[in-house]
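*Asks:* The chain contents come next:
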Amino acid sequence: MQSVITNTNQLEAIALKVREHIIKMSTDGGCFVGASLSAADLIVYLYSEFLNVNPNNLTDPNRDYLFLSKGHDVPALYGTFAELGLLDKDRLKNHLSLSDNIYWHPNTKIPGIEFHSGSLGHLPSVAIGVAMDIKIKGGNNKVVCIMGDGELNEGTCWEAVLVANAYKLDNLIFVIDRNHFQANMATEDLIPLEPLHDKFTAFGASVKRINGHSFEALHEAFSAFPFETGKLNVVIADTVRGKGLPSIERRADRWFCNFSATEVEDLLKELHGEHTTQLTSETLVVR
Amino acid sequence: MSYEELLTEIALSDERFIVMTAENRALVRNIPAKLGNRFIDTGITEQTMIGAAAGLALRGRTPVVHALASFLTMRAFEFVRTDAGIPNLPVKLSSFIPGFLSDGNGPTHQAVEDISLMRGIPNMTVFAPADEDDLVKMLPQIWNHPNPSYVRINTRKTDYQHSPFELGKAEIIAEGEDVTILTYGLLFEQALIAVDILKNEGLSVGLINMRSLKPVDEHAILHATRNSKLTVTLEDHFLTGGLYSIVAEVLLKHGLTANVLPFALNEKWFKPSLLPNVMEHEGFTGKQIAEKILGYNTRFHQPQIAVPQFSE
Numbered sequence: 001m002q003s004v005i006t007n008t009n010q011l012e013a014i015a016l017k018v019r020e021h022i023i024k025m026s027t028d029g030g031c032f033v034g035a036s037l038s039a040a041d042l043i044v045y046l047y048s049e050f051l052n053v054n055p056n057n058l059t060d061p062n063r064d065y066l067f068l069s070k071g072h073d074v075p076a077l078y079g080t081f082a083e084l085g086l087l088d089k090d091r092l093k094n095h096l097s098l099s100d101n102i103y104w105h106p107n108t109k110i111p112g113i114e115f116h117s118g119s120l121g122h123l124p125s126v127a128i129g130v131a132m133d134i135k136i137k138g139g140n141n142k143v144v145c146i147m148g149d150g151e152l153n154e155g156t157c158w159e160a161v162l163v164a165n166a167y168k169l170d171n172l173i174f175v176i177d178r179n180h181f182q183a184n185m186a187t188e189d190l191i192p193l194e195p196l197h198d199k200f201t202a203f204g205a206s207v208k209r210i211n212g213h214s215f216e217a218l219h220e221a222f223s224a225f226p227f228e229t230g231k232l233n234v235v236i237a238d239t240v241r242g243k244g245l246p247s248i249e250r251r252a253d254r255w256f257c258n259f260s261a262t263e264v265e266d267l268l269k270e271l272h273g274e275h276t277t278q279l280t281s282e283t284l285v286v287r
Numbered sequence: 001m002s003y004e005e006l007l008t009e010i011a012l013s014d015e016r017f018i019v020m021t022a023e024n025r026a027l028v029r030n031i032p033a034k035l036g037n038r039f040i041d042t043g044i045t046e047q048t049m050i051g052a053a054a055g056l057a058l059r060g061r062t063p064v065v066h067a068l069a070s071f072l073t074m075r076a077f078e079f080v081r082t083d084a085g086i087p088n089l090p091v092k093l094s095s096f097i098p099g100f101l102s103d104g105n106g107p108t109h110q111a112v113e114d115i116s117l118m119r120g121i122p123n124m125t126v127f128a129p130a131d132e133d134d135l136v137k138m139l140p141q142i143w144n145h146p147n148p149s150y151v152r153i154n155t156r157k158t159d160y161q162h163s164p165f166e167l168g169k170a171e172i173i174a175e176g177e178d179v180t181i182l183t184y185g186l187l188f189e190q191a192l193i194a195v196d197i198l199k200n201e202g203l204s205v206g207l208i209n210m211r212s213l214k215p216v217d218e219h220a221i222l223h224a225t226r227n228s229k230l231t232v233t234l235e236d237h238f239l240t241g242g243l244y245s246i247v248a249e250v251l252l253k254h255g256l257t258a259n260v261l262p263f264a265l266n267e268k269w270f271k272p273s274l275l276p277n278v279m280e281h282e283g284f285t286g287k288q289i290a291e292k293i294l295g296y297n298t299r300f301h302q303p304q305i306a307v308p309q310f311s312e
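Note that the protein sequences, when read in sequence, are chains A and B. First residue of the first sequence? That's 1 in the UniProt record's numbering, and the numbers climb one at a time after it. First residue of the second sequence? That's 1 in the UniProt record's numbering, and the numbers climb one at a time after it.
Everything labelled a hint here was simulated from the structure, so no lab data went into it. Nothing here was measured: the structure is a model prediction, and the numbers come from that model. Warning: the hint list may mix true and false statements.
[Unchecked claim] Distance condition first, Cα-Cα at most 25 angstroms in a straight line; then the derived DSS-like pairs of lysine-lysine:
1) K157/B to K199/B
2) K268/B to K109/A
3) K271/B to K214/B
4) K89/A to K271/B
5) K24/A to K271/B
6) K199/B to K109/A
7) K231/A to K137/A
8) K93/A to K169/B
9) K271/B to K292/B
For reference, chain B alone in the conformation it holds in the complex (with noise of 0.2 angstroms):
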């Protein structure tokens, strides 16, 4: 099932869903001809969207808002937090192209702070999924739940088959007690890779996607650490604030240490081309990553990565 397909059942059996889009439409071609004067587009108006969904929600509706996860996450950042983070309404924010995905934009497009900025916001919930599989399993309960959301949207489509959604619960993969990767979003693909290198090396390795963010899974992050002499975390989002601080925070919380190794964009913009080129050259492709935590270089070759479905 697709997203728009999803999203397209519940609002047709549930009344009071409402989506909106500040003329983002990618997510949602089909979706006006279905749903008729429940589909609302504020054109390019994402700070009115977000002032609206709070109107809308305050007469007891849903709204599923999408835009650009740039645009939805800092351009509407005050109305989000005001709007919907203060009364604590229902504005479910689904955000486009985050992180990588914004592959050829530029800086102005890439929601590399989107984490930080969503979790920082009192009653917010923040959800990444790692694929398509993912997404359609989780956003049910997200939608359900009476808070806001963020949900980083990913329709990537990979093999992997996820385990049943729980919200504040991460979905642990494999155990290890040489190296676990944490990891959110469309790196899981990449993560599953890595896995398959350090394994094949000797490694005994874990594997977690974390899925929610906020709430996150604090014991999950225990266990982890704990259990393993290194900690991984895999991200496509600036250093600071995303899961590397989550976890810093969480060990420190419970008065403890470990030895973290942090994939992230430490204080920089990544470099725009097609997604694949991307990931090659910031060092996130499963082998890089992979090879990085072994400290040389071995003979596996790298799958090819997809090509976005979608563009800017």
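For reference, chain A alone in the conformation it holds in the complex (with noise of 0.2 angstroms):
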């Protein structure tokens, strides 16, 4: 791999696709739009540049895997798939009708899904099986587990940390999508994570903490895996609820959205730079 990324123009073009994807998906029941906008540059990046996944090898047990722990993030993923082949992009318009399975939280039945999930907590452990049957096989392949920041709520998160950590599972990646949000409110204003660098390095993982928009960053940061030998790997990644469009990012009352029509052409023009979408639509928030 390549320690200077040359292409990144190319990924901003992916990553601006997939946002569209996504935005076309929070309507008609609605999608989880502001989580699936932050991780979105993380899942172009990762597939496009880090995993050895390709809609060739996804029965392969030598692939590398990706775990998307959070869930509801999934547009973003069903977005970057339909642009790098993985997925038929006519597929994206079934979203959350009878016909297919594209609804709010993954499943296997999607090509390239790992596992399922939308109960917070449960993959980093999962990843951890498959993680430790690569070290038990003697694989070379990666493992990586997209999670939330809200999630690291949920006990079971620091829970696989320490048996990572007590496994020395090297080739394991837990990657937080740190968007300063749950589902209500700030992280920061209902249960606090910060210092989370400290919290993990404290538990035993090799820690990177950069910015989860930049590529140049990212790929830095990937470059450098293993980070430490013998330890789990850490990316922090801080990024931007709503990341993208301005009348979304960093709005609390912006978690689950189902727009109108109207609001999505204007959503896609403000994505593109045109102006700012005056939101009516009632704001669903809940968890």
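Hints are included, so try docking the two chains, each in its own frame, into the full complex.
*Replies:* What follows is the structure, given as structure tokens:
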């Protein structure tokens, strides 16, 4: 892998398309827009540059693994799959339809989804099991688990860090989408997480904290994998909930959104920098 | 009166009450400002919330706790059983989006075994209101009862005015000699439609809103099975452990059998989509229920099913 990334323009173009897909899925029942937008760059980077996963090796046990643990950011994953040829773009129109299996949380009926999720704090442990078997069999596959920062409230996330440390799983990377919000409010106003870097370090992990919207920063961090021999890798990716749409960014009340068709049109224009959208839909914020 | 208004009124008038949530604020949006330090949000920590609720109850409090039904009953199951069940503490569980109400979320969020799990805990009481009116009528008694409780929260509005609630008693809506439908929760709406169709087809039809699933109204079950040629159990729950099982247990206890047709999810989760699609796809609309009972199609037009006010 190159230490300097040369194709950031290409990645940014893919990420923009992914954000378009997310906005288009936020109507006719809606989706978790804010978290999907914060994770979009991370997911685009990982599938484009870091993971050995492509439409032809999905069933190959030697491919790399990505587990999407917070789950409700799955529109970003489906958007990325569509752009990278892992999923037919037309199927994104089937969001919430009985004719397909594209709904608010991931499921393995969609090729490329490794495990279903939606109940927080499950996939760190599933990822550990996969990483343990790779160690036992002597493989070189990488295992990535993306977790939300709100998800870190769940105790099982921390149990997983303890166990990964005990078994020296340096083939495993926990990526924290640190968008600074949980469902209803800023994380630091409810269950403070900081100093987060120190928490993971104290649990024995090797930690990098980066800007999760900079492909250069992502590349620098992931190029250093494995960070230290015998240690769990943790990437804290500082992100912005709603990234790319000023009318959604950093707003506690823009978590789950079901926009009108007009709003979606306006948001797509806003994504391309035309203007800021006046959102009038009733906002749904529940967990 | 809404759930939130009732909870606010009761908690403000009785210092024992503590309102808790594992960051599920849909039902308690305005309560933090009104209750001050008697509102506690533990973040996304269902297990810790239940343990803390037990600690508060140990000090004489009555915690009313909120989380999504699947996480409240399953992630925190052992904490509910061990910390609230074994010491018989008045921890009051309010479960959000149970059964079909989790519509488009997927199996992780489908609580379709909650009645089965909760009624298996000694000391636990279990309730499932038909709509908001039923919910508001039952909660004061449930929350003032000394045992732990589980309520399948259902805030949907129907036009039906329910009779006063009595713990352990079902609500007899109608009696019938051909068919009696036993149901609970949001399917009550569809049962009312099914009853209309069946009556229109000339049948004598009974309907019972079970309300209290533990303790259960054995007399209502025995009366229905004795006096109707067919008993229907209707629930958005797995076939295992829910109302169908309860009816079977009650009949066997009394050495009886009956002709029972269950509507339930048999060894599968439901297909995720918006609620009206889910109901249609799984065969739980009033028209589909009636036609399955009749064994033939009717010209009846199924009324539109309202999309829930809240998604996940």
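*Asks:* Determine for every hint whether it applies to the structure shown.
*Replies:* Status of the hints after comparison with the structure:
1. For the suggested pair K157/B and K199/B, the alpha carbons sit about 24 angstroms apart, so the restraint of at most 25 angstroms is met.
2. Using a Cα cut-off of 25 angstroms, the hinted pair K268/B and K109/A holds, with the two alpha carbons roughly 15 angstroms apart.
3. Using a Cα cut-off of 25 angstroms, the hinted pair K271/B and K214/B is violated, with the two alpha carbons roughly 29 angstroms apart.
4. This hinted pair checks out: K89/A and K271/B have alpha carbons roughly 22 angstroms apart, not beyond 25 angstroms.
5. Proposed proximity of K24/A and K271/B is supported: the alpha carbons are some 22 angstroms apart, at most 25 angstroms.
6. For the hint pairing K199/B with K109/A, the CA-to-CA distance comes to about 43 angstroms; that exceeds 25 angstroms, so the pair is violated.
7. Only pairs whose Cα atoms come within 25 angstroms are accepted, and K231/A paired with K137/A is accepted, the gap being roughly 18 angstroms.
8. Proposed proximity of K93/A and K169/B is contradicted: the alpha carbons are some 47 angstroms apart, above 25 angstroms.
9. Straight-line distance between C-alpha atoms of K271/B and K292/B comes to about 20 angstroms, which keeps the hinted pair within the 25 angstroms bound.
Consistency note: the structure conflicts with the earlier hints numbered 3, 6, 8.
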